[in-house]
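A.B. asks: Below, each chain spelled out in residue letters.
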Amino acid sequence: MTQVKMTVNGKPASGDVEGRTLLVQFLREDLGLTGTHVGCDTSQCGACVVHVNGQAVKACTMLAIEAEGAEVATIEGQAAADGTLNTIQQAFQDHHGLQCGFCTPGMVMSAAALLKDNPKPTVAEVRHYLDGNICRCTGYHNIVKAIMAASGQDVAAIAAE
Amino acid sequence: MPKDSGIGASSKRREDIRFLTGDGNYTDDINIHGQAYVYFLRSDIAHGTLNSVNTDAAATMDGVVKIFTGADFEAVGSIPCGWQITDKHGEVMQEPRHPVLAHGKVRHVGEPIAAVVAETLEQARDAAEAIEVDISELPAVVSMKDAVKEGATKVHDDLTSNLCYDWGFVEENKGAVDQAFKDAAHVTTLELVNNRLVANPMEPRVAVGDFARGTGDHTLYTTSQNPHVIRLLMGAFVLGIPEHKLRVVAPDVGGGFGTKIFHYQEEAFVTFAAKACNRAVKWTSSRSEAFMSDAHGRDHVTKIQLALDKDNNFTALRTDTYANMGAYLSTFAPSVPTWLHGTLMAGNYKTPLIYVNVKAVFTNTVPVDAYRGAGRPEATYQLERLVDKTAHELGVDPIKLRRQNFITEFPYATPVAVEYDTGDYVATMDKLEEIADVAGFAARRKESEAKGKLRGFGVNCYIEACGIAPSNLVGQLGARAGLYESATVRVNATGGLVVMTGSHSHGQGHETTFAQVVAEMIGIDESMVEIVHGDTARVPMGMGTYGSRSLAVGGSAMVRATEKIIAKARKIASHLLEASETDVELKDGAFTVAGTDKSVAWGDVTLAAYVPHNYPLEDIEPGLEETAFYDPSNFTYPSGAYACEVELDPETGQVTIERFSAADDFGNIVNPMIVTGQVHGGLAQGIGQALMENCSYDSDGQLLSASYMDYAMPRASDLPFYDVDHSCQTPCTHNPLGVKGCGEAGAIGSPPAVVNAVLDAMRSGGKDVGHIDMPVSPHRVWEAMNS
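Protein sequence lines correspond, in order, to chains A and B.
One point on numbering: in this note's numbering, the residue at position 151 of the first sequence is 683, and numbering is uninterrupted.
One point on numbering: in this note's numbering, the residue at position 110 of the second sequence is 336, and numbering is uninterrupted.
In isolation and in its complexed conformation, chain B is listed as follows:
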């Protein structure tokens, strides 16, 4: 029987009520009395010398409060990067200064040059049109391979080249890997592009800065996945505001998908300008601005090779990737193609030798950073496309080849420095074959062919790593932050609880699921537990939500804090019951002396904590509030197997998704309804990448896909119903809930299945092209079919 509350129940989401009635509180809904508005004048040139910015005429226009240019920020810090990579020669990466407003040079279309603060947004925009900008255009660096050629134009004149780093992993394995390729019975080679994407949360970014001159207190309201991280990065590194004088609030946030992790110039600007203008300053991004200022995702160009012995066992893997950093290093950009990508190259397979090379490159494009999956989709795509290509070259069944090479014993230490604690790749593949109805495919293909269509079936596996940790390890790898999480549990006198969590919910439903966990631990109704997040003034500390870490890391901190609460409440209860602590047990919201009917209700214990008349004051303090920090000992490793079935119209090249099946292992699950929804959303983004989405620049560095007219966002009619199963569960061994992350799996696991299915459909039509790049648009398919 499914449970109707607590851990394992599909509790309906409490946050839905405000979102369904227009009562949400998103950042753009926040207006501060007397606020002014800022409009950023952005570069329409990809690369050039900024000779002058003349604001004289604009400054006299109606409503203008103040106009800022790069010169106003010369004494202000650089927008910081949170991860330093050390390359294969032991050198640290090249790290350019990232100004709040462009100074000296512009380096990508969309870079802010000037900021007009005015009484209304319309007045600010009108005045911006009167600013005279003189730029001497320079050749734009767009192609990564051209960018690292000898004599290439440099994006940053003070760096030695456009190469940010040249990373080798694991460098000591390289010789053995190369030898294994020489000894191989078969080698498969694949060159591919992981297309550049724009995350596109439906809520554009917004930032409102406020300043109280009387106290010197700054407040920033911002669309962030991690307000405490912004407080530290912006306060300490950019503006020099100590944390106790800076409050950062990320209220209801309308989706993030990674792109709202990072600290952006606009946040620093409104905070700075609020003080300079002595009034609140608000910035609301338009969607067009979002396309040229939100960090982009993916954009890897890769050559990958697999070596096999005569029995089709994988013996070695090597991969060379060019990873686009864009014009500046966004907050976590350097970590994405390295530690979040190279460490995943073993996938689900016991390949004994692996070598990964990544060259990170500066170009005159918008900075690139983590987007849903961040490194793991890039790893999964190249590996699972390669395994499929290998199977076809060898003439063996792609599922059989995968099964033959699966890791089957856990824990398993990969040759790329991580240890998978649990998993059962055979079980998820078995489940996939069942839900995808592999046996019925031949009949479905015949039906499609009767309509003049081609039908293809594609499969892939994935492994991913969530909840990046532990802090001491990631510090060695170059992280400039800890990756723990904290929670404070405050119990009120009448028994209700408030959990202040450093995790941030922007669609994931934490207010519901976190309450389910605490309610179950104490045995009280979920409605007695309130979840507070997203405000540095209310939550003591937090590292935020990304990398599918919230329940595994933030949830674990909450469990630890709740355990402390229960331990103290038990002391109080044993005093009230005049019993030994060891005899007192908590069940269904009451403390009972084991084996007796002597009992005291939760609410009586909590009341005693705050009205301590009958209370062990000599042993414990009054009150009931506890904090815990949780620093995981390892990542969690969700895994699964996905299958896609497409229909291809050979006349037009149009591909439609007919079925998509996903069998995932997320360990234990708190709210199955929410987990399923997370997978649905991830699948839509992965299918979108595979079939439709592409962020495109021309050779001058002009962004061609800068609106929803040009960037193909998946619509309802582009996507199918999905078959999602998460009944295969191997609980995580090292966190208290046994949970793994589920937020990114769908986006990580789905693109190769789609492309494998399209190639299968083409083969069934007599055309074996070996590979086709994403997005698999009708144009590309038709060209491949008719080449």
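So here's chain A without its partners, still in its complex pose:
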């Protein structure tokens, strides 16, 4: 067992992990941050996307010990302290960008990473960026709309209700 220390959602976090423990296991099982989900075992689905030092990372593809000393952000840290949803979260609710909610944390974290680098993406850029995030419920229509809305663009002109 190896001790790891990192900052998660602005707070210090540490634990003893095996060499093979994945970052997503550490978050879910050691820290109890169960908002980050595991939807596959081949790094395809993106339900586990978190930010590590500001970069979107699939937490099932990184060992916990690789995150030693890192700044990690998860879905639990996205809303304001009083519970107010952030712009992306609010846009997902406003535009019905989620149904079962299982892929949603990864979608929100991916969308945040996209908009940080590309604040006014085109629809094609959004769709391309979401290549590593699978949703089985929404058909993506409302997810794409929500991300376009979160970027401040007029979604009524982009797609039907």
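One thing to keep in mind: the hints can contain errors.
Said to hold, decoys possible - Label pairs and their computed distance ranges (CB to CB):
#1 T654/A x K677/B: 14 to 22 angstroms
#2 G564/A x E789/B: 41 to 49 angstroms
#3 K471/B x K648/A: 51 to 59 angstroms
#4 D546/B x E550/A: 52 to 60 angstroms
#5 Q587/A x R240/B: 30 to 38 angstroms
#6 A656/A x E398/B: 55 to 63 angstroms
#7 S546/A x S922/B: 44 to 52 angstroms
Source of the hints: derived by calculation from the structure; they are not laboratory data.
Please read all numbers here as calculations on a predicted model, not as lab measurements.
We put the beta carbon where it would ideally sit given N, CA and C, even for glycine.
With chain A fixed as given, assemble chain B onto it according to the hints.
C.D. replies: This is chain B only, laid out in the frame that chain A set:
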């Protein structure tokens, strides 16, 4: 003006807040103090004799609590099947035993052979690698047509053959149908495959078993669409646990699409093992396990024929289908290719004579059962492909041929035993032609051709049947369950309500829409209504969510229970108002004496029910809680017309969806935003089936598509924005809300439109191949274009 609350309002979903903040409570988020973990050792051989399973070395490894094999479950019941089909000779179907862990034989890749319970999942997995399994491999039965040949290897040695049943429907019509084909002016024949799919809800299945030795109480937390059904099936038929000692909880569930209806071995295992180990036992499926253990969908091979008279009227239809059951009968498997498929073969058309034959076949593959649509997509695909092929053979417009043969008068009794109560197929087709901009297609085709691409337009109609019912009829058809729903409405002293519904929400938004209905009925704010589901300890009874039944059946039960609440509250109010009950009306959350300003607020009435100082105790009991069971008198019949426009690159065979338009008739609608979202999701799954998805086995029964590296899940860049319209509304005539189901329509109605569009694009490039099978991959298209 759109409403901002109640029935008809696009109320934002209350469940979103927890899902968007990481605060959902999915089954894998549940951990019980002291729990152990189970890892299943699964067969990597499709068919073989299981000679021995040696666990001696594994049992000594670090962390191992206990290892189970098939021998431990010999005294335990078979995983039950919930529907018994009677075949065309009057014989009941062949029904093999389905063990919790394989015993004697393995029958598909992925079948669990042993289960290691250990302190950690890693220790369980490590120990499983040390188990020595000796299997003598047998020839694998994979192809359905080979499986039913004389002398074929049998999947189950104790059955007479691999034929589960040979079903004819309606058998008495067969002679008349055959005669109509002899008399026909034109006959179109089509052979096709409805490709095998994997439902793939994003949340893999999870089961946590817990046992309290002090009381003998079992608890199962599971990713289920119907916890009460699991409680009954597993308790009564597998483990022998009475319902009062077994609690089943299905908390937030991350999508189902049918594959979480069924009772699975892993649920029975963790419940059994929790008692045997005297501690909680948790199983979390990996995605790789899901591909080889979740029930698959579709997998039909069909030959269908349509007969027409000289005026292009449909005179008869006959279809022969082989339906894959896999190695064992999953919970509802036998009903899917029969009662959920044969009864839909009339589609939207007044074809007077229909005969359906279905041969259900055992193979060495994962069991096949209901997947979004379940039987209706298979019916719609063959029928709507056939009508399109007929139109091209006759040289008539496919829309015109459909319109000519539409059913236009309702109620309409089909020759396949169902009665459509309402519909307006002309109106949905008119709406489709408008939203799909049929008139502008020629110009769009020219634009594509200018880029060196081919453009195709495809259309189809669909009819489907939701809320399967009534119970006495489905019992005659072989269902081993009732198909009602229940709801209990509990009003608290301060006026808030809790609705305990047997429907289960796993993405459909019931917590929002069900509250909209009750709030509107009473005239109170939606926030005063709480919806509880998914826990047999909190909800008295439930049949769960599948077959697009929740609002039509569960919602109706809730309406009936709320009506009882209102009736009792009115008695209390009339007492408080000192008025006759018949003069007291409920409006905007207050009871008022008609024609006066005498009024008592909802909250005052509910308080009186629990603090009955001024109360008609001689007439009614205190308290305000009512239960209703609702057993529908018929299915509901949503219908619609869909259009797809594709662009095809003749150089590569790549097909892209350029437009997809859907005009649906769902009757009355409670939350248009949610209904639209349901259609979007269904369309994505239907387009996925048509273009990309395929569950593939090789001739040895090895599963070739066992991960997201091999099974093509549609991504955002594979799909378009959709144009969805549900303004055509013919309300259901037999349920109190006038609603029809909307959850499966998109998946039912979309595959034929896609394939029809691809064939249209190919024809525009000078290649008429008549038919191409799904998935219409670039490889298949290129081969067809260059054949």
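A.B. asks: Each hint: holds or not?
C.D. replies: Results of checking the hints against the structure:
{"no.": "1", "hint": "T654/A x K677/B: 14 to 22 angstroms", "in the structure": "19 angstroms, holds"}
{"no.": "2", "hint": "G564/A x E789/B: 41 to 49 angstroms", "in the structure": "44 angstroms, holds"}
{"no.": "3", "hint": "K471/B x K648/A: 51 to 59 angstroms", "in the structure": "53 angstroms, holds"}
{"no.": "4", "hint": "D546/B x E550/A: 52 to 60 angstroms", "in the structure": "56 angstroms, holds"}
{"no.": "5", "hint": "Q587/A x R240/B: 30 to 38 angstroms", "in the structure": "33 angstroms, holds"}
{"no.": "6", "hint": "A656/A x E398/B: 55 to 63 angstroms", "in the structure": "57 angstroms, holds"}
{"no.": "7", "hint": "S546/A x S922/B: 44 to 52 angstroms", "in the structure": "46 angstroms, holds"}
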